[in-house]
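Protein chains: 2
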Amino acid sequence: MPKISYATVRRLSRYFRSLDLAERRHITTLSSDELAKQNHLTAAQVRKDLSFFGAFGRRGLGYNVTDLKRNIGRILGLDKSWNVAVIGAGNIGRALINFDQFRSQGFIIKTVLDNDPSKVGMVIADLEVKDLKNLRGEIRSHGIDIAILCVPANAAQKVVDMLTASEIGVKAILNFAPVSLSVPDGVFIRNENMAIEIEALSFALTNPEAVR
Amino acid sequence: MPKISYATVRRLSRYFRSLDLAERRHITTLSSDELAKQNHLTAAQVRKDLSFFGAFGRRGLGYNVTDLKRNIGRILGLDKSWNVAVIGAGNIGRALINFDQFRSQGFIIKTVLDNDPSKVGMVIADLEVKDLKNLRGEIRSHGIDIAILCVPANAAQKVVDMLTASEIGVKAILNFAPVSLSVPDGVFIRNENMAIEIEALSFALTNPEAVR
Numbered sequence: 001m002p003k004i005s006y007a008t009v010r011r012l013s014r015y016f017r018s019l020d021l022a023e024r025r026h027i028t029t030l031s032s033d034e035l036a037k038q039n040h041l042t043a044a045q046v047r048k049d050l051s052f053f054g055a056f057g058r059r060g061l062g063y064n065v066t067d068l069k070r071n072i073g074r075i076l077g078l079d080k081s082w083n084v085a086v087i088g089a090g091n092i093g094r095a096l097i098n099f100d101q102f103r104s105q106g107f108i109i110k111t112v113l114d115n116d117p118s119k120v121g122m123v124i125a126d127l128e129v130k131d132l133k134n135l136r137g138e139i140r141s142h143g144i145d146i147a148i149l150c151v152p153a154n155a156a157q158k159v160v161d162m163l164t165a166s167e168i169g170v171k172a173i174l175n176f177a178p179v180s181l182s183v184p185d186g187v188f189i190r191n192e193n194m195a196i197e198i199e200a201l202s203f204a205l206t207n208p209e210a211v212r
Numbered sequence: 001m002p003k004i005s006y007a008t009v010r011r012l013s014r015y016f017r018s019l020d021l022a023e024r025r026h027i028t029t030l031s032s033d034e035l036a037k038q039n040h041l042t043a044a045q046v047r048k049d050l051s052f053f054g055a056f057g058r059r060g061l062g063y064n065v066t067d068l069k070r071n072i073g074r075i076l077g078l079d080k081s082w083n084v085a086v087i088g089a090g091n092i093g094r095a096l097i098n099f100d101q102f103r104s105q106g107f108i109i110k111t112v113l114d115n116d117p118s119k120v121g122m123v124i125a126d127l128e129v130k131d132l133k134n135l136r137g138e139i140r141s142h143g144i145d146i147a148i149l150c151v152p153a154n155a156a157q158k159v160v161d162m163l164t165a166s167e168i169g170v171k172a173i174l175n176f177a178p179v180s181l182s183v184p185d186g187v188f189i190r191n192e193n194m195a196i197e198i199e200a201l202s203f204a205l206t207n208p209e210a211v212r
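Those sequence lines, one after another, are chains X and Z.
Take the working numbering: the last position of the first sequence gets the number 212, and nothing is skipped along the way.
Take the working numbering: the last position of the second sequence gets the number 212, and nothing is skipped along the way.
What the hints contain is simulated information worked out from the structure, not anything from laboratory work.
These numbers come from a predicted model, not from an experiment.
Even glycine gets a Cβ: it sits at the ideal position worked out from N, Cα and C.
Errors might be hidden in some of the hints.
As the list claims (entries may be wrong) - Cβ-Cβ distance ranges computed for the label pairs, FRET-style:
id, chain 1, residue 1, chain 2, residue 2, range
1, X, T66, Z, E128, 41 to 51 Å
2, X, D67, Z, K80, 42 to 52 Å
3, Z, G186, X, K158, 28 to 38 Å
4, Z, T42, X, P2, 12 to 22 Å
5, X, D185, Z, G137, 50 to 60 Å
6, X, G169, Z, G54, 44 to 54 Å
7, X, D100, Z, R10, 35 to 45 Å
8, X, T29, Z, T29, 17 to 27 Å
Said to hold, decoys possible - According to the in silico footprint, chain Z covers these stretches of chain X (three or more CB under 8 Å from chain Z):
id, stretch
9, 108-118
10, 142-152
11, 168-181
Unchecked claim - Lysine-lysine pairs mimicking PhoX-like chemistry, simulated, CA-CA at most 25 Å apart:
id, chain 1, residue 1, chain 2, residue 2
12, Z, K48, X, K37
13, Z, K37, X, K3
14, Z, K119, X, K37
15, X, K37, X, K48
16, Z, K3, Z, K48
17, Z, K130, X, K119
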């Protein structure tokens, strides 16, 4: 497989959603035009993105919805199930634990940890919040693949250092803290910044003539 | 101002964060190299992005942190305060209402609405959840600029249609529902999909050799 940018991966996720929705509506084929339109892209972009992964669909016939969904799902690793730990049981952590879409796409939250004694022992959606002191044991016993970081910005790097230390060795981190974090080589980190998209709206309202 | 892509706007948001952090650390100048490095970009990209908005900084001297932060803040509309309505008082809605970063950047949540009788009347962070039936009055009396949609996917289009109807006329929507929505011309919508970034991680874990 060639090197793929995260921008392409994000578009694959969006195609997957379009195909999933089409499948639920019992639509059997979708053209690159339709996939493009639903995602505010060009058909050329859709075809280019999919071409990285082989030849899908036949010219003039469009894509078979079920086949393409299965293929993109496999590329994105959505045909597997992933064990997830949530670090930080504040509002965002709680929202994620209750976020059904994670589970339905194979991201199974197995454990929640916090260092706040008032939160340890709380039960959120059938999960008991564990003390962060037990991080190593929790990560190992649940075979955690991905950690979701929902801690305050000033604590985030310290928790990342704990998660990626060799005796724990988490390889993928989704960071909700509004701060840029360093990880060792071979560890994947993605930042989810909930304030970024609302700033795109204040930009648009401030400069409506500049919006494409 | 020329047409600006949302990708550029998102990078401006990230520069703003870097500058804010530098200011808190009493750093007075930052080079395009440093801004680039903190955001995993090239210095050329940083300079190009900033060049859309005029000449900032002086060759060899870097950018004055406070000036550039103020300028980018103005471009992003962060020098104003925006009245925000949250539609849907479920877990995501509640997390957002408690998300301090919105308020600190000038996005003030003025009202929360839901159509679930068990939620109407609840108080979340000093805001009483209002009945969605009162949408028009709430939007008008609070002068709402931006609506944040935290409703289930199958209800989202209907709520968007209500928000953008001429007698209500909301011009900017941040959508957390995992569905693509149609809005009338002149209405700005941005989609926040919390599952997209975790899929980038399952992609990376599945295809480590393909990650740039």
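Hint by hint, here is what the structure shows:
Between T66/X and E128/Z the C-beta distance comes to about 46 Å, which sits within the given range of 41 to 51 Å. A C-beta distance of roughly 49 Å is found between D67/X and K80/Z, which places it inside the suggested range of 42 to 52 Å. The beta-carbon spacing between G186/Z and K158/X, approximately 46 Å, falls outside the hinted interval of 28 to 38 Å. Distance hint check: the CB atoms of T42/Z and P2/X are about 21 Å apart, consistent with the given range 12 to 22 Å.
For D185/X and G137/Z, the Cβ-Cβ distance of about 56 Å falls inside the hinted range of 50 to 60 Å, so the restraint holds. About 47 Å separates the C-beta atoms of G169/X and G54/Z, a value consistent with the hinted range of 44 to 54 Å. The hinted window of 35 to 45 Å between D100/X and R10/Z is violated, with their beta carbons roughly 27 Å apart. Judged by the Cβ atoms, the range 17 to 27 Å given for T29/X and T29/Z is violated: they are separated by roughly 57 Å.
Counting residues of the stretch 108-118 of chain X whose CB lies closer than 8 Å to any CB of chain Z gives 0, so the stated coverage by that chain is violated, three being the minimum. Judged by the Cβ-Cβ criterion of 8 Å, the stretch 142-152 of chain X is covered by chain Z as claimed, because 3 of its residues qualify and three suffice. With 7 residues having a beta carbon nearer than 8 Å to a beta carbon of chain Z, the stretch 168-181 of chain X meets the requirement of three or more and the stated coverage holds. Taking the CA atoms of K48/Z and K37/X, the gap is near 29 Å; set against the 25 Å cutoff, the hint is violated.
Distance hint between K37/Z and K3/X is fulfilled; the C-alpha atoms sit about 21 Å from each other, no more than 25 Å. The hinted pair formed by K119/Z and K37/X fails the criterion: a straight-line CA distance of about 36 Å is larger than 25 Å. Note on K37/X and K48/X: the hinted pairing holds, with a Cα-Cα distance of about 15 Å set against a maximum of 25 Å. Annotation: proposed proximity of K3/Z to K48/Z holds, straight-line Cα distance about 14 Å (limit 25 Å).
A hinted pair counts as satisfied when its Cα atoms are at most 25 Å apart, and K130/Z with K119/X does not qualify at roughly 29 Å.
Hint compliance for this structure: hints 3, 7, 8, 9, 12, 14 and 17 are not met, and every other hint is.
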